[in-house]
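Starting from the given sequences, assemble the full structure and let the hints guide the process.
The listed protein sequences correspond, in order, to chains G and E. Each residue of the first sequence is one higher than the one before, starting from 2 at the first, in this note's numbering. Each residue of the second sequence is one higher than the one before, starting from 3 at the first, in this note's numbering.
Mixed in with the good hints, there may be bad ones.
[Said to hold, decoys possible] Sample of chain E residues at the chain G side, in silico, Cβ under 7 Å:
1) Ile23
2) Gln49
3) Asp62
4) Ala175
5) Ser178
6) Gly180
7) Gln194
No lab work stands behind these hints, which were simulated from the structure alone. From the three backbone atoms N, C-alpha and C, an ideal C-beta is built for every residue, glycine too.
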Amino acid sequence: MIEKELGEHIITIDNVSKTFPGGVQAVKDFSTKIRRREVVVIMGPSGSGKSTLLRCLNGLEEADSGTIVVDNIPLDDNRKNRLEIRKEVGMVFQSFNLFPHLTALENVNLAQIRVRKKSQKEATKLSMELLNKVGIAEKSGNYPAQLSGGQQQRVAIARALAMMPKVMLFDEPTSALDPEMINEVLDVMKNLATEGMTMVVVTHEMGFAREVSDWIIFMDDGQIVETGTAEHFFKNPQEDRTKLFLSQIL
Amino acid sequence: MSIIPWLKQKVFIFRSPWRDILQFLLVIAAIIWFITISTSRVGYNWQWYRVPRYLFRVEDGRLVAGALIQGLLFTLRISGFSLVLSLLIGLLTAFVRLSGSFMGRILSRVYLEIIRNTPLIVQIYLVYFVIGPILGFGRFTSAMLALSLFQGAYLSEIFRAGIVSLHKGQWEAAHSLGLSTFHTYRDVILPQAIRRILPPLTSQVITLIKNSALVSVVALGDLALRAQIVAADTFLTFEIWFTTALIYLAITVPLSTIVNLMEKRFKILT
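Structure representation (structure tokens):
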């Protein structure tokens with residue numbers, strides 16, 4: 002946990018459910034609130050609905066019922082609201098999803114120019130700052146295929162940050178990486194947390210959860226099983242399901 | 003033949019060039035033999051010297067295009083217009099088909115099925131005799147429109163395939179950055195899709211040039227019709243049709259070569 006002053010609630014999730022067309026109910030009546038500058042880690046076995054929940058937060062998946070409010074904007078059928086929320090919420094994917102036909106710099110520039118309507122010069126200035134921050138400025142002219150997995154993920158983080166989001170979502174950001182590249186990405190995320198970014202992170206990196214997160218949500222079968230600080234989870238988890246899961250990954 | 007081409011390149015196997023040369027000569031000999039036999043059976047009298055005047059003539063000291071070259075220019079003109087129009091139709095149909103609009107999807111599907119399941123020649127007649135008079139289109143516009151509608155249907159399927167072949171993560175990344183659908187298509191999806199579909203796109207352009215020969219059915223003076231007239235007038239059947247085939251090749255072969263080069267040049271590293 003990093004010492005900091007938390008703000009008001011920035012994300013409110015109320016009774017959210019999501020069932021996929023195949024009939025699988027991924028998220029069931031899920032409610033929680035997240036404060037500004039908080040770092041929340043979501044854990045759980047695969048298929049427990051963590052990613053789906055995360056993707057509901059920026060409208061990549063549409064919840065069937067319940068309400069989601071991000072920074073006072075309700076996420077509903079209104080297309081304008083959805084675009085507005087997407088501007089406020091950055092997302093980092095497990096598979097990076099960089100645009101392969103653009104260089105690292107162009108990847109970071111694109112949304113600034115198209116969505117924030119910045120000039121090429123202004124965009125490049127911020128992009129280089131961000132690429133520098135994630136420690137990859139010297140590779141700004143490289144295409145994604147010329148970068149390692151860790152480098153690609155750091156570019157992806159810079160790309161999301163370029164929109165100056167208020168919240169960052171991370172969907173298993175290190176799961177596709179070689180072990181020796183995981184830390185370079187986690188370090189960037191740690192720095193972000195220290196700077197006071199609100200973060201929701203789906204991950205199984207226990208070290209990260211212990212060091213950085215304010216609290217952890219343990220999910221199974223689309224529902225919250227247990228919440229608490231990292232300390233609580235490692236010292237005395239209450240539920241059997243949590244104990245079983247932790248015993249398997251620790 | 004190796005199954006894994008990138009492995010094959012690293013293994014150097016010496017192969018005598020004489021084998022290739024011998025094969026080439028055998029093929030050429032077979033072709034010459036075939037033509038000689040077939041023409042001698044009908045007692046054909048080759049008169050190649052009479053052909054050049056149908057390509058170019060000198061009139062009053064100036065070089066004037068002959069019938070075949072005039073036909074070529076017409077073919078290029080109608081193909082060029084149709085290419086632009088068919089690309090627009092194809093792209094638009096693909097977008098509508100991939101859109102959320104139910105009516106749009108049905109309409110584009112009906113258009114596709116009608117075009118793909120009727121012969122082009124019937125479509126040219128229909129547009130020329132039925133739609134043309136209603137909308138007041140002339141002969142050229144009608145034929146050009148028929149060609150474009152025909153090619154557009156095939157192009158739309160190619161565009162659609164290229165678009166859906168991209169990983170859905172590209173859409174998600176673009177959306178999560180707040181890019182609109184328009185910008186997602188323009189800056190993220192199409193630049194990648196077009197590079198993937200360049201080969202089938204090229205073969206459609208070549209098909210278009212070849213299909214333009216069918217507009218001669220509404221008496222438009224394209225290369226094929228001019229060749230037919232010249233051949234009928236002069237009885238230089240073999241010479242004229244060989245020349246015509248060579249002219250078509252002279253357009254289409256460089257075209258595919260250029261696209262091949264473009265493909266290498268704009269290849270996306272993966």
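(request) Using 7 Å as the Cβ threshold, decide whether Gly180 of chain E counts as touching chain G. (result) holds, 4 Å
(message) Min Cβ distance, Gln49 of chain E to chain G: is it shorter than 7 Å?
(response) Violated, because the Cβ-Cβ distance from Gln49 of chain E to chain G comes to roughly 55 Å (cut-off 7 Å).
(message) So, as I understand it, the hint says Asp62 of chain E touches chain G; can you test that by seeing if any CB pair is closer than 7 Å?
(response) Violated, because the Cβ-Cβ distance from Asp62 of chain E to chain G comes to roughly 55 Å (cut-off 7 Å).
(request) Mind checking the CB of Ile23 of chain E against every CB in chain G and telling me if the closest is under 7 Å? (result) Result: violated, 40 Å to nearest chain G Cβ.
(request) Have a go at the Gln194 of chain E hint: is there a Cβ in chain G nearer than 7 Å to its own Cβ? (result) Hint on Gln194 of chain E: holds, closest Cβ of chain G at ~5 Å, below 7 Å.
(request) Would you check whether Ser178 of chain E satisfies its interface hint, that is, whether its CB is within less than 7 Å of any CB in chain G? (result) OK, holds: Ser178 of chain E within 7 Å of chain G, min 4 Å.
(request) Report holds or violated for the interface hint on Ala175 of chain E, using the least CB-CB distance to chain G and a cut-off of 7 Å. (result) Holds, because the Cβ-Cβ distance from Ala175 of chain E to chain G comes to roughly 4 Å (cut-off 7 Å).
Figure legend: structure checked against the earlier numbered hints; hints not met, in rising order: 1, 2 and 3.
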